[in-house]
Structure formats: C-alpha cells, structure tokens
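Enquirer: Using the sequences provided together with the hints, build the complete structure.
There are 2 protein chains.
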Amino acid sequence: MTFIADANSSSKTHSTIKMVDVSLAERSYSIIIGSDLLGKGASYSVADLGKSRLLIVTNSTVAPLYLEKLQQGLEGYSHDTLILPDGEQYKNGETLNLIYDALLQKRFDRGSTLVALGGGVIGDITGYAAATYQRGIDFIQVPTTLLAQVDSSVGGKTGINHPLGKNMIGAFHQPKLVIADTATLNSLDDRQLRAGLAEVIKYGLIDDLPFFGWLESALPQLLQRDMTALAYAVEVSCKDKAAVVAADEREAGKRALLNLGHTFGHAIETAMGYGNWLHGEAVATGMVLAAAYSHHLGLLPQSDLQKITAMMVAAGLATQPPAELTADQFMAHMAVDKKVKAGRLRLVLLKGIGHAFVAEAVDEADLRRWLGGYLAV
Amino acid sequence: MTFIADANSSSKTHSTIKMVDVSLAERSYSIIIGSDLLGKGASYSVADLGKSRLLIVTNSTVAPLYLEKLQQGLEGYSHDTLILPDGEQYKNGETLNLIYDALLQKRFDRGSTLVALGGGVIGDITGYAAATYQRGIDFIQVPTTLLAQVDSSVGGKTGINHPLGKNMIGAFHQPKLVIADTATLNSLDDRQLRAGLAEVIKYGLIDDLPFFGWLESALPQLLQRDMTALAYAVEVSCKDKAAVVAADEREAGKRALLNLGHTFGHAIETAMGYGNWLHGEAVATGMVLAAAYSHHLGLLPQSDLQKITAMMVAAGLATQPPAELTADQFMAHMAVDKKVKAGRLRLVLLKGIGHAFVAEAVDEADLRRWLGGYLAV
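Order-wise, the sequence lines are chains A and B.
Per our numbering, residue 1 is the first one in the first sequence, and the count goes up by one each step.
Per our numbering, residue 1 is the first one in the second sequence, and the count goes up by one each step.
None of these hints come from the bench; they were simulated from the model.
Where hints are given, some of them may not hold.
All copies of an identical chain are treated as equivalent in the list; a pair is satisfied when it fits inside any one copy or across any two copies.
[Unchecked claim] Derived DSBU-like pairs: lysine-lysine, alpha-carbon spacing no greater than 30 angstroms straight-line:
1. K106 <-> K254
2. K254 <-> K176
3. K254 <-> K18
4. K176 <-> K18
5. K254 <-> K239
6. K106 <-> K351
7. K18 <-> K106
Model, not experiment: these values are computed from the prediction.
Expert: This is the structure we're talking about:
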C-alpha cells in the first residue's frame with residue numbers, strides 16, 4: 001500500500017520529492033516528503049490500496065484547508081470523512097469513541113484503512129483507533145504540522161491522554177505510509193511552527209551535532225518558512241528518527257533517547273491542562289531543564305548549555321517553566337511518566353550537544369532540591 | 001516469568017499437573033493445568049517476576065471464592081487488587097477505565113504485571129488493559145471458568161464490546177502464563193459449566209474427530225464434574241487451540257476456524273443484550289446453525305447434523321435461536337461481525353465432524369432465505 005509519486009509529472013514541485021524508509025521488516029514503510037504533494041498540481045497515484053475502504057479523520061481547523069485536496073488525490077477510492085474538534089484537550093477516550101462509532105455505524109470491516117490528516121493529536125488518536133479497531137487495521141499518516149511531520153507521524157507510537165497522564169493509553173502500531181506535504185506548513189501559525197522546531201532541534205541534541213550546527217545558521221530561514229530549508233529539516237529529522245526506530249521499535253533501549261525533554265515537558269503539559277502549552281513548547285522547556293540539570297551534575301559544559309538556551313530563544317521558544325509550577329508538582333507528575341522503570345525515575349540527559357544518554361535511577365532528592373532552586377530564580 | 005510447579009511437593013494434587021506450550025517465538029508461554037493449583041495444598045512458586053508490581057483484577061463473584069488463595073500463592077510479591085462488577089454487560093469502555101484509573105492512581109509503571117482472575121470477561125478486559133496501558137505491559141491469566149480455561153485465556157485475543165458489536169475494540173496481546181486450576185470449576189453453576197462445554201465441543205467439530213468421539217461418551221462425567229475428565233477436556237482443548245494459534249497468531253487464515261458458531265452466536269448475543277445469553281450458549285446455538293446451513297448447502301451429511309444437535313442437547317445447551325430474533329436482524333448483526341472481509345460475509349462451515357472450513361463470500365440472499373425458513377419452524 002503506497003502512494004507513488006509520478007516521476008513523469010510536469011509539475012515543478014515534484015523535482016524535490018524525498019523518500020525516507022523506516023526499516024521494520026514486514027512493518028517497513030516509506031515517508032514521502034515534498035511540497036504540494038496533496039495539491040492539484042501534484043500527480044501521484046495511490047497503489048495497492050485494493051478495495052480497502054478509507055475513513056479520513058481530520059479536525060475542524062485542517063479540514064477547510066486540506067481535506068478537498070486530499071480527497072482529489074484519493075479520487076476513485078471509496079472514502080468517508082470524520083471531522084473532530086481541534087486541540088490536545090480532545091485527545092481522549094470520548095473523541096476516540098467518535099472514531100469507533102463512525103467505523104461501526106458505517107460498517108467498516110477489517111480490511112479498511114484510516115487516513116489521519118492533521119497534526120500530532122489527529123495522528124496519535126487515529127493511529128490508536130487503527131491499532132484497536134477489530135484488533136488492528138491499516139492507517140496512513142498525512143501530517144500537516146511541522147511537529148507531526150518530524151516526529152509524531154513516524155515510528156508507530158499511538159495513543160490518547162488520561163486525566164492522570166499524557167499518552168498513558170496507547171499501542172505501537174506502524175502506519176503503512178507517511179505523506180509529509182511541506183506546503184501545508186505555510187498555513188501553520190507561528191506558534192505551531194516554533195513548537196515543531198523544538199522537536200527538530202531535539203534530533204541535533206540527541207546525536208546529530210552537524211545538524212545542530214546547520215540549525216544554528218538556518219533558523220532564520222526556517223522561521224521565514226523557506227521551503228527548501230523546511231524540507232531539509234523534515235528530511236533529516238525523519239532520517240534521524242527512522243534510524244532510532246529501526247534499531248529499537250518498542251523502546252527497549254535506544255529509542256528512549258527520543259524522549260529528551262519529554263519527562264519534564266509532560267509534567268508541564270499535564271499540570272497546565274492539555275492544550276494550554278503546546279507539546280513542542282513544553283518539550284523545548286523540558287530540554288532546557290534536562291540540559292541545565294545535566295550541567296548541575298557536571299555532565300554538560302556551560303558553553304553547551306548556553307548554546308542550547310540560545311537556540312531555543314532564537315526559535316522563539318520558552319526556556320522557563322510556568323511560574324505557578326512547584327518542584328513538588330513537577331516531581332509528582334514525573335513519577336507517573338512512562339519513563340519510570342521499576343519505581344525509579346529515568347531521565348534523558350546530555351553529555352554534550354549530540355550526545356544524549358538515558359540516566360537510570362535518578363537521585364530524586366537531588367533533582368527535587370535542584371528544581372526547587374531553579375524554579376525559585 | 002513463570003509459575004513453576006514444585007515437583008517435590010508432597011501434595012497429591014500435583015501428580016496430575018499438565019503443561020501445554022503455546023509456541024510463538026519470543027511471545028511463547030505455558031498453560032499450566034491442574035487441580036488445586038491455587039489452593040493452600042499446592043506448592044508452586046512464582047519465578048522471574050522480579051520486582052514487578054502486580055495488580056490482580058477480578059470480579060465480585062470470583063473474589064470471595066479465590067482471591068485469598070491466589071494472594072497466598074503470590075506471597076512476597078507486591079500486589080494490589082481491583083474488584084469489578086460481574087457480567088458481560090460490564091465488558092465495556094467504562095469498566096476498562098476503572099482498570100486504567102487504578103493503575104494510574106497507584107502509579108503502576110511499565111514493568112508492572114496484571115493478573116486476570118476470573119472468567120472470559122475478566123480475562124479479555126484485563127488483557128486489553130495490559131495491551132494498552134503505557135503501550136503494553138505483561139499479564140497473567142488465571143481463568144476460573146471452563147470457557148476461559150479452554151478458550152478465551154489462550155491465544156492473546158483481548159478486547160471489549162461496543163454497543164454496535166461484540167469485541168469490536170481490542171488487540172492481540174499474549175499472556176506471559178496461563179494457570180488453569182480445574183478445582184475452580186467446582187464452584188461454577190451448571191449453566192456456566194454447560195456454556196464452557198460448548199467451546200470444548202467446538203474443538204472436536206473443527207478438526208478433532210477422536211476428541212468428539214471421546215466427548216460423546218464422557219459428557220455425563222463432565223457434567224458431574226469428574227475432575228479427571230474435566231482436566232483431560234481442558235488439556236486437549238488447550239492443545240488444539242495452541243496448535244491453531246501457533247500456526248496463525250493474528251488470524252490471517254487458519255485461526256478463523258476457531259470462530260465456528262461465533263458469527264451466528266455474536267448476532268444472538270448482541271441482539272439479546274450482552275449478558276442475557278451466555279457466550280457459550282450463543283456459540284452452541286451458532287454451531288447448530290452453522291451445521292444446519294452446511295447441511296442445507298449439501299456439505300454436511302444429515303447424520304453428522306444429528307450427532308451435533310444430539311451432543312448439544314446432551315450438554316444441556318440450546319439448539320434454537322431466541323424466538324424474537326428475525327432473519328433480518330440476524331443478517332444486520334452478522335454484517336458488522338469481524339469475520340466480514342471486503343464487505344463479503346464469511347462463515348465457518350462444516351464438511352463433516354472434525355472438518356471445518358472458512359466459506360468466503362457466502363451468498364447472503366440464500367442465507368437470509370434459509371434463516372427465514374429455519375426460524376419460522
């Protein structure tokens with residue numbers, strides 16, 4: 001089941017189509033990256049969907065912008081559409097039930113395919129519905145935000161939030177295909193674009209020092225939505241993520257590095273109420289906290305901490321947690337995070353830019369003390 | 001993670017412990033079958049659970065009978081207990097949330113293990129919670145009904161019902177171990193015992209003619225709860241099921257045979273309201289319907305149909321669908337069943353006792369006509 005870009009297309013936009021493969025044996029798939037892939041000018045065909053019925057799941061913000069374009073691309077395929085409300089606060093069991101209801105009311109069978117058109121919330125919840133409807137059906141990711149294109153649409157993590165913790169209910173379920181149309185990034189508001197850049201920066205911090213260096217100089221172009229720069233950022237991010245996912249699909253080891261900034265970040269998101277801080281914003285602040293704590297432990301040089309903080313500032317991202325959050329609240333929220341193992345807190349920390357590692361059994365008393373001091377400043 | 005029966009135990013009940021292996025590469029596990037495995041007399045030890053925290057999930061009927069025994073066996077392990085209401089009508093999203101809430105409120109992490117103590121409903125919903133909590137944690141099945149011991153606890157099908165269809169939400173998630181204590185069958189009421197026998201008979205019908213022959217003579221002993229006969233029935237059923245599951249874990253082919261009687265049966269269960277007909281009762285009637293329709297198609301000899309009907313009667317099981325159910329209602333409910341493929345109804349039918357097969361693209365008009373006539377009699 002693949003979307004095939006037509007190499008003979010006369011459209012100039014097709015000259016820059018990139019393919020990134022996620023190698024996972026029989027669950028392998030491709031990420032197609034390019035500008036105007038969904039537009040009328042693009043000439044792609046959907047192959048191998050066979051007689052599969054499609055349900056496009058999108059939200060009320062994305063639908064007016066891209067639903068019609070996607071439907072044009074799917075011409076000839078039987079499809080229905082479900083439009084959900086927009087926002088992280090809807091990534092829950094009630095919204096999930098709307099997808100199940102639509103599938104059952106319209107009698108979608110096991111051979112059906114879900115198509116997630118939207119950002120990370122739409123991708124996560126639609127993917128989870130695909131993972132669990134009739135014990136698993138196919139799905140395709142069509143991410144329309146930078147964050148979804150560089151992170152959440154790739155790697156098969158699907159799920160919903162619980163009032164007591166983010167992404168606590170979920171499943172590993174790989175998509176059959178990811179179509180990242182960088183032209184959709186033109187409609188993102190600045191805040192969403194910056195939030196997506198947080199995850200882009202993350203790949204540099206984890207294990208890609210050259211990419212971090214490129215970002216230091218390319219950030220102004222990215223913020224100005226230079227399509228070539230954005231496409232390159234998406235491509236490198238997807239390649240970096242695909243390599244980690246291929247090595248450790250179910251997060252038994254290395255994949256945990258992708259959680260850099262996420263344990264602090266999830267605490268901020270949960271404490272502030274889903275949707276008030278964007279995921280990328282919380283992760284940006286979380287990465288600064290991880291870097292600062294790494295420095296406190298004597299692991300990360302002051303100069304690297306400064307570069308990281310400067311990068312977030314340049315990207316217009318917050319570097320300070322919300323003033324109302326106390327160290328105790330941080331610790332309580334972090335204790336339920338999935339990164340906890342056998343009751344001991346694990347954190348992704350940094351020994352340098354491009355050198356993240358998983359710290360097992362973090363000294364919670366020390367972390368609490370340090371957080372208290374950090375937050376008091 | 002295994003329960004190890006202690007070969008040096010002085011308990012006489014241990015002389016008849018049987019082990020059946022389910023071979024699924026890294027997801028392989030054992031089914032331990034024996035009498036009084038959970039009792040004080042049994043001397044088993046839990047190995048390899050390490051520091052895993054356990055949450056025992058059971059219901060208000062089973063808890064007073066077996067919870068304390070199980071807890072004795074788990075002495076030394078950190079465990080909590082959650083007691084759910086009893087009944088198929090609680091196999092839904094709301095009850096599932098009670099498990100998630102307990103796990104999150106008590107901060108169970110990814111290394112935790114769920115223990116399902118009860119019948120098929122407890123096993124299915126607990127297994128599904130294990131499949132989806134933090135994207136998947138371990139679980140152990142401790143089935144206490146005949147139906148759960150011979151069928152639902154083995155093979156990794158987990159899930160919940162939706163108002164529009166049974167088991168429509170779910171996941172494949174194999175347990176780490178199944179402990180089938182046949183002594184628990186003493187507390188089953190007769191109706192539950194008979195319902196369980198329906199699934200036992202199913203294995204004979206699918207591909208085990210000798211077992212069907214044994215059942216014809218052993219049925220009186222089984223109904224009188226002869227422990228040796230029951231243990232043998234559980235063992236052969238588990239072996240038959242394990243062989244099918246090992247060959248086709250995710251029901252791409254052969255495993256569909258295990259659905260003999262289930263498409264008709266699910267229609268009865270859904271139409272009558274979950275919990276009014278027991279699953280095994282509905283499946284028994286469904287198997288008679290499948291046999292009768294096979295006979296109508298000229299596939300199954302009259303003599304075999306009579307033997308099958310006689311077996312159900314001898315087991316005290318219903319052979320007639322509820323009088324209020326019309327052919328149209330049957331067809332409507334069967335259309336949403338998971339066995340539907342690319343919009344075409346599939347049914348497991350019989351060419352003989354011990355010779356089931358999957359009929360693709362059943363002629364729905366013919367089936368509807370035949371059902372109309374059958375129900376009118």
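Enquirer: Each of the hints needs a verdict: does it hold here or not?
Expert: For each hint, the structure was consulted:
{"no.": "1", "hint": "K106 <-> K254", "verdict": "between (41 angstroms within a copy, 28 angstroms between copies)"}
{"no.": "2", "hint": "K254 <-> K176", "verdict": "both (23 angstroms within a copy, 24 angstroms between copies)"}
{"no.": "3", "hint": "K254 <-> K18", "verdict": "within (26 angstroms within a copy, 40 angstroms between copies)"}
{"no.": "4", "hint": "K176 <-> K18", "verdict": "within (17 angstroms within a copy, 42 angstroms between copies)"}
{"no.": "5", "hint": "K254 <-> K239", "verdict": "within (15 angstroms within a copy, 38 angstroms between copies)"}
{"no.": "6", "hint": "K106 <-> K351", "verdict": "neither (53 angstroms within a copy, 34 angstroms between copies)"}
{"no.": "7", "hint": "K18 <-> K106", "verdict": "neither (36 angstroms within a copy, 46 angstroms between copies)"}
Taken one by one, the earlier hints fail for this structure at numbers 6, 7, listed in ascending order.
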